[in-house]
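Asks: Each chain, written out:
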Amino acid sequence: MADNQSGWDALFNPDDELESEVGGRSRSPGAAGASLEKYMQLPGVRGAIQVTLDGVVLNQFVPGDVQYYASLTASIGSTARQVDGMLEMDGFEYAVVRTSDDIHSIMIFLEKDSFVGLLLSGEIAPTHIIARLRDPGSGRSG
Amino acid sequence: MNDSLNELAERSGVHAVFVCDQDGRLLTSALSEERYQGTLEQLSNIIARTNTALKTFKHGGLTEVEWVFASGRVLIRGLGNGLLFLICDRTLNLQLLTMKIEEVQGEVQSVLGAIKRKPTSEDLARLKQAMIGIAQEMLGEHAEKVIAIIKGSGDSLTSLEQACDQAEKITRLFIDRKNAGDMGARMRALLEAYR
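The listed protein sequences derive, respectively, from chains G and L. So the first sequence is numbered by the working numbering: it starts at 7 and just counts up by one. So the second sequence is numbered by the working numbering: it starts at 167 and just counts up by one.
Because the hints were derived from the structure by calculation, they are not lab data. Bear in mind the structure is a predicted one, so any value in this text is a computation, not a measurement. Glycine included, every Cβ here is placed at the ideal spot set by N, Cα and C. Be careful, since some hints might not be right.
[Said to hold, decoys possible] Negatives, chain G to chain L, calculated, CB over 10 Å:
no. : residue
1   : Thr58
2   : Ala86
3   : His134
[To be verified] In the SDA-like style, the derived pairs of lysine to any residue whose C-alpha atoms are separated by at most 25 Å in a straight line are:
no. : chain 1 : residue 1 : chain 2 : residue 2
4   : G       : Lys44     : G       : Glu117
5   : L       : Lys221    : G       : Gly128
6   : L       : Lys221    : G       : Gln73
7   : L       : Lys266    : G       : Ile130
8   : L       : Lys311    : L       : Arg354
9   : L       : Lys221    : G       : Lys118
10  : L       : Lys266    : G       : Thr105
11  : G       : Lys118    : L       : Glu232
12  : L       : Lys266    : G       : His110
13  : L       : Lys294    : L       : Gly306
14  : L       : Lys317    : L       : Glu288
15  : L       : Lys221    : G       : Ser127
16  : L       : Lys294    : L       : Leu356
17  : L       : Lys317    : L       : Ala296
18  : L       : Lys317    : L       : Gly299
19  : L       : Lys266    : L       : Asn247
20  : L       : Lys221    : G       : Leu59
21  : L       : Lys221    : G       : Lys44
22  : L       : Lys311    : L       : Asn345
23  : L       : Lys311    : L       : Gln275
24  : L       : Lys221    : G       : Arg52
Turn these sequences into a full structure, and let the hints steer you where they fit.
Replies: And the structure:
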């Protein structure tokens, strides 16, 4: 946790690290934000964002362009659900999007009634994240 | 390009490979499972819309996406002018497949740059209007019969080509022998963009 915290300080501006604002709506993480913290503690996770199915930011620990990551998370998540229905794939589990910025990839999945996007560094494979999330000790809900 | 797509589609665990342009129009496909045939166009359309939406951000559109479902995977590669899709088993060897995709990707990308897309009904309406404009410009008040031929043609590229031939013939015989060839050539040049 201590290592993660020092990385955190390097990544985020302390003035706005716990604020999210899209479309005029702004919230502090509060109780719901705690659900993202568990992802931030996973090795290789550089940021996390939680959006409603419509793309409104609920919580975020994102270095950089919040609106972009919110739109990406919501649009990839909702498109995945449409694709799932169209191809009869029996349920969307997760998506991985490689990006051209300094974040290596973004992993997106559905949690309760929201999409979660995890910004991953190059050294972590999404399958490792899944393994950690499925480990009862990691405390994943939903 | 089709040979390469067929090679990909014939791999064990791969059910469909297809390419769409940046507007979501399905350009070509290779299927090992026919059940996907009816959905490819719709799928191309939805994902191209997502791609376009993301392009409004400075980070650009989709370059590489993998969707994992309970009973399958969908892989997408952004190729500048279009998107390459693969529908496959969830359990297939992704590393081997990725190597093959990378081999094919460059070829598909270069072909995509050269592909001329199939005209939509809006394109055909615009083409008709442009052909009418050429007739009016070159034949003036005598363009009426040629305009009627163009307006009466069907909604396909072939119908417009036939209308172009007929308009040139009528013009040569009855309206303006000197300008008939030029008028036909200008109309054909418009249609050539879609050939």
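Asks: Each hint should be assessed against the structure and marked as holding or not.
Replies: A quick look at each hint next to the structure:
1. For Thr58 of chain G, the requirement that its beta carbon stay farther than 10 Å from each beta carbon of chain L is met, with the minimum near 17 Å.
2. Non-interface call for Ala86 of chain G relative to chain L: violated, since the shortest CB-CB distance, roughly 5 Å, does not exceed 10 Å.
3. Distance to chain L confirms His134 of chain G as a non-interface residue, since its nearest Cβ pair spans about 14 Å, more than 10 Å.
4. Restraint check for Lys44 of chain G and Glu117 of chain G: the C-alpha separation of about 13 Å stays at or below 25 Å, so the hint holds.
5. Taking the CA atoms of Lys221 of chain L and Gly128 of chain G, the gap is near 23 Å; set against the 25 Å cutoff, the hint holds.
6. Using a Cα cut-off of 25 Å, the hinted pair Lys221 of chain L and Gln73 of chain G holds, with the two alpha carbons roughly 13 Å apart.
7. At most 25 Å may separate the alpha-carbon atoms for a hinted pair to count; Lys266 of chain L and Ile130 of chain G meet this at roughly 23 Å.
8. Taken as a hint, the Lys311 of chain L and Arg354 of chain L pair is honoured in the structure, with Cα atoms around 18 Å apart against an allowance of 25 Å.
9. Taking the CA atoms of Lys221 of chain L and Lys118 of chain G, the gap is about 28 Å. The hint is violated against a cut of 25 Å.
10. For the suggested pair Lys266 of chain L and Thr105 of chain G, the alpha carbons sit about 21 Å apart, so the restraint of at most 25 Å is met.
11. For the given pair, Lys118 of chain G sits about 21 Å from Glu232 of chain L by alpha-carbon distance, which is consistent with the 25 Å threshold.
12. With a CA separation close to 22 Å, the supplied pair Lys266 of chain L and His110 of chain G stays within the 25 Å bound.
13. Our distance criterion of 25 Å between C-alpha atoms is met by Lys294 of chain L and Gly306 of chain L, whose separation comes to about 17 Å.
14. For the suggested pair Lys317 of chain L and Glu288 of chain L, the alpha carbons sit about 14 Å apart, so the restraint of at most 25 Å is met.
15. Taken as a hint, the Lys221 of chain L and Ser127 of chain G pair is honoured in the structure, with Cα atoms around 23 Å apart against an allowance of 25 Å.
16. About 10 Å separates the Cα atoms of Lys294 of chain L and Leu356 of chain L, which keeps this hinted pair within 25 Å; it holds.
17. Under the criterion of a C-alpha separation no larger than 25 Å, the hint pairing Lys317 of chain L with Ala296 of chain L is consistent with the structure, at around 11 Å.
18. For the hint linking Lys317 of chain L to Gly299 of chain L, the alpha-carbon distance of about 12 Å falls within 25 Å, and the restraint holds.
19. Using a Cα cut-off of 25 Å, the hinted pair Lys266 of chain L and Asn247 of chain L holds, with the two alpha carbons roughly 20 Å apart.
20. Proposed proximity of Lys221 of chain L and Leu59 of chain G is supported: the alpha carbons are some 20 Å apart, at most 25 Å.
21. A threshold of 25 Å between alpha carbons decides the hint, and for Lys221 of chain L with Lys44 of chain G the separation of about 31 Å lies outside it, so the pair is violated.
22. Restraint check: the Cα-Cα separation between Lys311 of chain L and Asn345 of chain L comes to about 15 Å, which is no more than 25 Å; the hinted pair holds.
23. Between Lys311 of chain L and Gln275 of chain L, the direct Cα distance comes to roughly 45 Å. Violation of the 25 Å bound is thereby established for this hinted pair.
24. Restraint check for Lys221 of chain L and Arg52 of chain G: satisfied, since their Cα atoms lie roughly 23 Å apart, inside the 25 Å limit.
Going down the numbered hints, you'll see the structure goes against 2, 9, 21 and 23, while the others check out.
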